[in-house]
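Trainee: Listed below, chain by chain, are the residues.
2 protein chains.
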Amino acid sequence: MGKSLAVSPLAPAAFPDLPVIAGVTFATAAAGVKYQGRTDVMLALLAPGTAMAGAFTRSATRAAPVLDCQAKLGGIAEEGAAILVNSGNANAFTGQGGVDAVSAITAAVAQATGVPQARVFTSSTGVIGEPLPYNRITAALGDLAAGQNAEGIAAAAKAIMTTDTFPKGAGAEIDVDGQKVRIAGIAKGSGMIAPDMATMLVYIFTDAKADQVALQRMVSEHCDRTFNCITVDSDTSTSDSLLVAATGASGVDVSDSAAFNTALHDLMRDLAHQVVRDGEGASKFVEVTISGAASDDDARTHAMAIANSPLIKTAVAGEDPNWGRVVMAIGKSGAAADRDRLSIRFGDVEVAKDGWRSPAYSEEAAAAHMKSQEILISVDLGLGEGTATVWTCDLTHGYIEINADYRS
Amino acid sequence: MGKSLAVSPLAPAAFPDLPVIAGVTFATAAAGVKYQGRTDVMLALLAPGTAMAGAFTRSATRAAPVLDCQAKLGGIAEEGAAILVNSGNANAFTGQGGVDAVSAITAAVAQATGVPQARVFTSSTGVIGEPLPYNRITAALGDLAAGQNAEGIAAAAKAIMTTDTFPKGAGAEIDVDGQKVRIAGIAKGSGMIAPDMATMLVYIFTDAKADQVALQRMVSEHCDRTFNCITVDSDTSTSDSLLVAATGASGVDVSDSAAFNTALHDLMRDLAHQVVRDGEGASKFVEVTISGAASDDDARTHAMAIANSPLIKTAVAGEDPNWGRVVMAIGKSGAAADRDRLSIRFGDVEVAKDGWRSPAYSEEAAAAHMKSQEILISVDLGLGEGTATVWTCDLTHGYIEINADYRS
Numbered sequence: 001m002g003k004s005l006a007v008s009p010l011a012p013a014a015f016p017d018l019p020v021i022a023g024v025t026f027a028t029a030a031a032g033v034k035y036q037g038r039t040d041v042m043l044a045l046l047a048p049g050t051a052m053a054g055a056f057t058r059s060a061t062r063a064a065p066v067l068d069c070q071a072k073l074g075g076i077a078e079e080g081a082a083i084l085v086n087s088g089n090a091n092a093f094t095g096q097g098g099v100d101a102v103s104a105i106t107a108a109v110a111q112a113t114g115v116p117q118a119r120v121f122t123s124s125t126g127v128i129g130e131p132l133p134y135n136r137i138t139a140a141l142g143d144l145a146a147g148q149n150a151e152g153i154a155a156a157a158k159a160i161m162t163t164d165t166f167p168k169g170a171g172a173e174i175d176v177d178g179q180k181v182r183i184a185g186i187a188k189g190s191g192m193i194a195p196d197m198a199t200m201l202v203y204i205f206t207d208a209k210a211d212q213v214a215l216q217r218m219v220s221e222h223c224d225r226t227f228n229c230i231t232v233d234s235d236t237s238t239s240d241s242l243l244v245a246a247t248g249a250s251g252v253d254v255s256d257s258a259a260f261n262t263a264l265h266d267l268m269r270d271l272a273h274q275v276v277r278d279g280e281g282a283s284k285f286v287e288v289t290i291s292g293a294a295s296d297d298d299a300r301t302h303a304m305a306i307a308n309s310p311l312i313k314t315a316v317a318g319e320d321p322n323w324g325r326v327v328m329a330i331g332k333s334g335a336a337a338d339r340d341r342l343s344i345r346f347g348d349v350e351v352a353k354d355g356w357r358s359p360a361y362s363e364e365a366a367a368a369h370m371k372s373q374e375i376l377i378s379v380d381l382g383l384g385e386g387t388a389t390v391w392t393c394d395l396t397h398g399y400i401e402i403n404a405d406y407r408s
Numbered sequence: 001m002g003k004s005l006a007v008s009p010l011a012p013a014a015f016p017d018l019p020v021i022a023g024v025t026f027a028t029a030a031a032g033v034k035y036q037g038r039t040d041v042m043l044a045l046l047a048p049g050t051a052m053a054g055a056f057t058r059s060a061t062r063a064a065p066v067l068d069c070q071a072k073l074g075g076i077a078e079e080g081a082a083i084l085v086n087s088g089n090a091n092a093f094t095g096q097g098g099v100d101a102v103s104a105i106t107a108a109v110a111q112a113t114g115v116p117q118a119r120v121f122t123s124s125t126g127v128i129g130e131p132l133p134y135n136r137i138t139a140a141l142g143d144l145a146a147g148q149n150a151e152g153i154a155a156a157a158k159a160i161m162t163t164d165t166f167p168k169g170a171g172a173e174i175d176v177d178g179q180k181v182r183i184a185g186i187a188k189g190s191g192m193i194a195p196d197m198a199t200m201l202v203y204i205f206t207d208a209k210a211d212q213v214a215l216q217r218m219v220s221e222h223c224d225r226t227f228n229c230i231t232v233d234s235d236t237s238t239s240d241s242l243l244v245a246a247t248g249a250s251g252v253d254v255s256d257s258a259a260f261n262t263a264l265h266d267l268m269r270d271l272a273h274q275v276v277r278d279g280e281g282a283s284k285f286v287e288v289t290i291s292g293a294a295s296d297d298d299a300r301t302h303a304m305a306i307a308n309s310p311l312i313k314t315a316v317a318g319e320d321p322n323w324g325r326v327v328m329a330i331g332k333s334g335a336a337a338d339r340d341r342l343s344i345r346f347g348d349v350e351v352a353k354d355g356w357r358s359p360a361y362s363e364e365a366a367a368a369h370m371k372s373q374e375i376l377i378s379v380d381l382g383l384g385e386g387t388a389t390v391w392t393c394d395l396t397h398g399y400i401e402i403n404a405d406y407r408s
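As you go down the protein sequences, you meet chains A and B in turn.
Under our numbering, the first sequence has 264 at position 264, and the numbering climbs by one with no breaks.
Under our numbering, the second sequence has 141 at position 141, and the numbering climbs by one with no breaks.
No lab work stands behind these hints: they were computed from the structure.
Be aware that one or more of the hints could be misleading.
Since copy identity is lost for identical chains, a pair holds within one copy or between any two.
[Claimed, not checked] Derived BS3-like pairs: lysine-lysine, alpha-carbon spacing no greater than 27 Å straight-line:
id: 1; residue 1: K158; residue 2: K72
id: 2; residue 1: K72; residue 2: K371
id: 3; residue 1: K34; residue 2: K158
id: 4; residue 1: K353; residue 2: K34
id: 5; residue 1: K353; residue 2: K371
id: 6; residue 1: K34; residue 2: K371
id: 7; residue 1: K371; residue 2: K158
The whole structure should be built from the sequences, with the hints applied where relevant.
Mentor: Here it is in C-alpha cells:
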C-alpha cells in the first residue's frame, strides 16, 4: 500500500458508537510488520467461559493461520482465549516457515497473557508469499498485554485495515427475555472479495452466553446469507476468517433466542455491506435480487453471474442502464433460464419482459435510477420459486489504480 | 461505439495477404444499421456443393440468428449457400421481432441471390435488446448481390467489426497429397470474450472438399482448444458464431487429411489469438499453461481461474510479478490443488516452488519478464498428468473506458 486512498464515497458518515462488551478487552500496536506510522497489530483477550464460533475461506491454498484457527474452534475457552491479528502480511503460501510463524506467535501470546496456546487464534492479512517477520509482532506483546482496555474496539478496527479506506464496525443492544445483551463487531476487507469469505477478517463479540454448537450453527447459517453473498471482484482470499466470541458475561443464555439470532444476522449483514461499500474503487453499491428461479441454488448462480460480470460492473460505473448485459450474464451463468420468460428491473423501472424490452420501457427513467449511489438490479426468471440476493459494487478506474501497483 | 479507439498495441503489423478461395465471393455495404460512415454488412456467396460446419455460443439466452444457424447446419449446400453478417446490432433478446427479422433477411437474401433460404446463414453483432432495423439491410441486398468479388475478404473483415481496433485475418496454403489447398479466415471480437465462443464471429473458407461430418468433427475439436480457450473478461456473448465453409472447388478431398486438420487448427488458433490481442484495453498478451493437474478438466479450470482473475489481470497491467495472486486463483478455482506441491513460473523465472517462494527467486528477473508484451504464466500442480493452455490479456483503464459508456 504505497499511497493512502481517498475514503470511499459509499462509507458511513462515521464509525458507530459500539457498546462495550463485558468479558473482552483490546489493545493495538504499531509493530512495523510492513506499514510505517500506523497500528498494524491488535490483541483481544476473552474472559474464561467464552464460546468461539467461526467461518473460514474454502480456498485450497488457505494460509497457515486459517488452518490453525480451524483446528482450534469448538469447545468452551475455560481459561479464556485470545485473538491476535496483524495487517501488512498475510503469512500465506509461506511454507513451513508460515506454520512456524503461527506457532511462535501463539506461544508468545500464551506466555504474555496466560491464555493456553490452544486457545490463541491468529489472523494475518496483506501480501501473500512474503515471510512474516513475526519477531516484530512478538516484540510488541508485552505492550499489548499491558495495554488492554475494554473500550479499544474502534482502535482494533483500524489496526486490521489494509487497503480499506475506512474502519468497519456495527453494534446492537437487544432485549432477550427482559435482559440486555450486547453485540459489537469489526471487519476489514475491500478487495479480493468473493465467496467464500474473500479477503475479509471479521471479529464479533457479545456478552451473551451461548452453547458453542448453537452459536456455530447460527454463525454458519448467517454467513451463507451475508458474507458469502458479497463480491467485489470474484477473487477469493486465502486468509478470510470470521470469529464470533460469546463471553457469557451478561449471564443471558441466547442459545435458543430468536431475537439474538436475528440481531446477529443483521449485524453480520451490516458488516458485509460495509465491506462492499469499501470495495476497491467502488462508486456505487449494487444489490442484485433474483426471483422465480428453478431453485435457490440457481438463483444464487444467476445473481453471482450478474454481480461478477465486468461488463455489468462497468456499465453501472458509467451509469448506463445496459440491461442487455444482464441478459448476457443470465445466459452465461449455466443455471436454468428461458430467454422469453425473463423480466428485468433497474430500481422500480421494468426494462425487459417476456424476452424483450418492456413495452413500458423508459430510457430516461432507467437512466435516472442508474445515477443513484444505490443500484438495484432485479431479475425474475419466471420458472419457479428460487430466490437469492447478493451485493456488489461497480468496477471503476479506481480498482485498476489500486491493484495495478499494490505491491510496489 | 461513440469514439474510435486507438489500434491495440498487440495488433499484427498489417492485415495478411489472404489466398483467394475458389468458390466464394464477397461484398460489403454501408447500410447504416447503427454506425455511420463505415461498412456494416457483408454478404458471402458460396458455390454449390459447399459443406458447412460450425460452432456456437452455449448461452441460454442466445440470439435469434444463432438459433437459426444451428438449425440450418449439416448436409451439403447443393444449390450454394450464403452468409450475411451485420455489425452494430446483435438482434439478441429482441423477442418475436428478432425471429421475424431473421426470416425477413434470409428470405430477402434468397430472393436476391437464388440461394435457398434454408442455406442462408446470418449473424448479427453489436448492442443487445434493440430491435434490428432489418429494412436497412434488405435495402442493400441488390448492391451486395451485384458487387460480389473473389477478392473481397479483407473488406469483409472490416465490415464485421464492432469495438475491434483492427480487422483479423489468417490464411494458409498447404499441400495435400501433392495438391494445393487454400484456407482463409476472418474474425471479429474484442470484449465479452470467454468460453464458450464469447462475442466472436469467425468465418473460415477453404477450397478443400470435405465430408460435412468429418469437417464438423475437426471444427468442434479445434474450437475446444482455440476459441474456447481464450478469455478477455469472463463474459460470454449471446451471439457467437463460427462457420467453416468448404467449397470443394479445388477437388482435393481433405476429410482424412492430417495436413489439412493441422492447418485448420493452426489457423483457428491464430484468429483466436488475434481476438485476445484486440481485447478491450489490452496492453499485454498472456499465455497461461497448467501442467501436473489431476486431470485435463482440472487443468482447464485452474487456467481459466488465473486468466479471469481481475487481480492477476491488473497485476499484469502493472507489470507486477505478484505470484501470490496466482496462488489465490489456484486456491479459489475449485479444482484439486495441494498448496505445498505448487510451482509457478513467470516466463522462465521460477517464482514459487513446494509451497513457498522459490529459493532461486529473483524479483528483478521476474519483474523483467513482466515488462514484456507477451507474458507467460506457468503452474505445475504436482498432482498428475493434466494439462491446459489458455490465452488472455491484461485488465487496464482502457477496458473501463470502453465499457463504461459503450451504449452512450
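Trainee: Each hint should be assessed against the structure and marked as holding or not.
Mentor: For each hint, the structure was consulted:
no., hint, result
1, K158 <-> K72, "within (26 Å within a copy, 63 Å between copies)"
2, K72 <-> K371, "neither (47 Å within a copy, 44 Å between copies)"
3, K34 <-> K158, "within (15 Å within a copy, 52 Å between copies)"
4, K353 <-> K34, "between (53 Å within a copy, 24 Å between copies)"
5, K353 <-> K371, "within (22 Å within a copy, 48 Å between copies)"
6, K34 <-> K371, "between (39 Å within a copy, 26 Å between copies)"
7, K371 <-> K158, "neither (31 Å within a copy, 36 Å between copies)"
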